[in-house]
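Chemist: Next come the chains, spelled out residue by residue.
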Amino acid sequence: MKVDTLIVGAGPAGLAAARGARSVGRKALVIDENWNGGGQIWRGQGRLVVGVAFEFERQVVDLRGLEYDRLILACGARELFLPFPGWTLPHVVGAGGLQALVKNGLDVRGKRIVIAGSGPLLLAVAANLTKAGAEVLLVAEQTSWTKLARFAAGLWRWPSKMAQGILLGNPRYRAGLWPVRADAGGVTMSDGRRWDCDYLACGFGLVPNLEVPRLAGCAVVDGFVEVDEWQRTSVDGVYAVGEITGIGGVEKAEAEGWAAGCGTKIQGDHARFVSRLAESFELRTGLRGLATPDTIVCRCEDVKLCKIVGFHDRRDAKLQTRCGMGACQGRICGPILEFLYGWEAERARPPILPTKVSDFVRKTRVTLD
Amino acid sequence: MIVNGVSVDVADGVSVAAALMQLKIIPRRALSGEARGPLCGMGVCFECRVTIDGQPHERGCMVRAREGMEVRSDEG
Ligand SMILES: Cc1cc2nc3c(=O)[nH]c(=O)nc-3n(C[C@H](O)[C@H](O)[C@H](O)COP(=O)(O)OP(=O)(O)OC[C@H]3O[C@@H](n4cnc5c(N)ncnc54)[C@H](O)[C@@H]3O)c2cc1C
Ligand code: FES
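From first to last, the protein sequence lines are chains A and B.
Mapping to the numbering used here: the first sequence position 219 is 219, numbers consecutive.
Mapping to the numbering used here: the second sequence position 56 is 1056, numbers consecutive.
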């Protein structure tokens, strides 16, 4: 069945695109691999759009066979995880990752949690976990106080909820601090202090999900999908919105989605906020030295750091060590290798993940009239 | 939900990964034998993968636990 506007992703960007398409009378279909809409921030709390078709629990791994006049990619971002001794222990979870598990039913009441890594997300996670009854012991941000202060001072220009957290403050928030080693019952930080904890929730910022845009053939510049003011990518009829065009939070995602959906120009100046975020939370190069030769880099194939030295690109390393050849297809270790060695991703080939029977059977369709 | 042959009560709308974590059940063991747990919570890392109703390599964080659903982890 051919649709006028096909949207991949039902996060803030994809939902805004659906509203936009609807407002100009276009027929839209939104596909998302989650079982509900709202993306990473709203997780099931996002309002679906009346008159738009939604297909949940379906992962787009190939664009062949999908028919549309316009394709709007709103695939969002994932967390960047960095390897350090102990990061593969079961109580070490992503920061947004733990929050997602809690939103999906994990009970953290009374659990002692250390949150570490980088970016405003850490504060959002701290607030949400506290609300869920956890005891947040520490929120460790790797960037310096100086950079943080400069970022906060500029915030009045961007009334972003995500950023307001920094201004409101959290008494457990520390800058210039990062984890160096996790052990079964806790974590040791860069100042030498060890914390006992039930979970270490750790994420070093966000990286865009570029697999589907790459599949569509969209040009990627400096790590993000290149778009013009109309959100058009380098491929005719393909648009990109939200985190895949630059990490900038929910307001940017919605503004871009709406513009692409309606076919208008983007409103507001989001580019400056995007670059301000990137500069303020730039990862210190010292973090490259956290992994020891024995630290696992590729969790799927158990490839240690010492096995990855001496190659000149990701493909070379992959062929010789199986790094990035496991179940996640390099989604976790790929950004790590990029941070450690500057190796970029290879071209995507369909299917971008092993297609499973369940992709076809567990599909749910929702249309609100 | 039936985990490794044992019936457990899980509230509505809880993901398989969250339910296993609550029960302190390790979804998967790495090639080295090391226990692993969910990392990303959003379907990217595959560390939460288990066998669900006979289907191997399902991401537990992307599937809602249902009554009668049979889940097998590397533990069982
Ligand atoms: C784990 C995590 C937690 C976050 N928590 C917060 C928070 O608490 N507060 C906050 O302000 N910001 C949070 N953010 C940042 C927030 O995601 C962004 O600010 C913004 O809302 C992103 O909007 P988006 O629509 O671009 O992407 P997303 O919200 O990420 O939505 C993208 C959607 O696309 C779907 N998708 C991707 N690829 C495919 C595919 N191949 N097939 C089918 N569907 C696909 C995904 O399932 C997802 O639902 C979080 C980010 C992450 C990664
Ligand atoms: S926790 Fe990462 S895929 Fe489920």
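Read the hints as simulated data drawn from the structure, not as lab findings.
Don't take every hint at face value.
Unchecked claim - Not close to chain B: a few residues of chain A, all C-beta gaps over 10 angstroms, as computed:
1. Glu33
2. Trp35
3. Pro171
4. Arg193
5. Arg299
6. Gly342
Stated by the list, open to error - Derived lysine to any residue pairs resembling SDA-like cross-links, with alpha carbons at most 20 angstroms apart:
7. Lys131(A) to Asp1074(B)
8. Lys1024(B) to Lys307(A)
9. Lys307(A) to Gln1022(B)
10. Lys304(A) to Lys1024(B)
11. Lys1024(B) to Gly86(A)
Said to hold, decoys possible - Cβ-to-Cβ under 10 angstroms is the rule here; a few derived chain B residues that face chain A:
12. Ile1002
13. Gly1005
14. Val1008
15. Glu1034
16. Pro1038
17. Leu1039
18. Gly1041
19. Met1042
20. Gly1043
21. Cys1045
22. Gly1068
23. Arg1072
Cβ atoms here follow ideal geometry from the backbone N, Cα and C, with glycine treated the same way.
Chemist: Of the hints given before, which are not true for this structure?
Modeler: 1, 2, 5, 7, 8, 9, 10, 12, 13, 14, 22, 23
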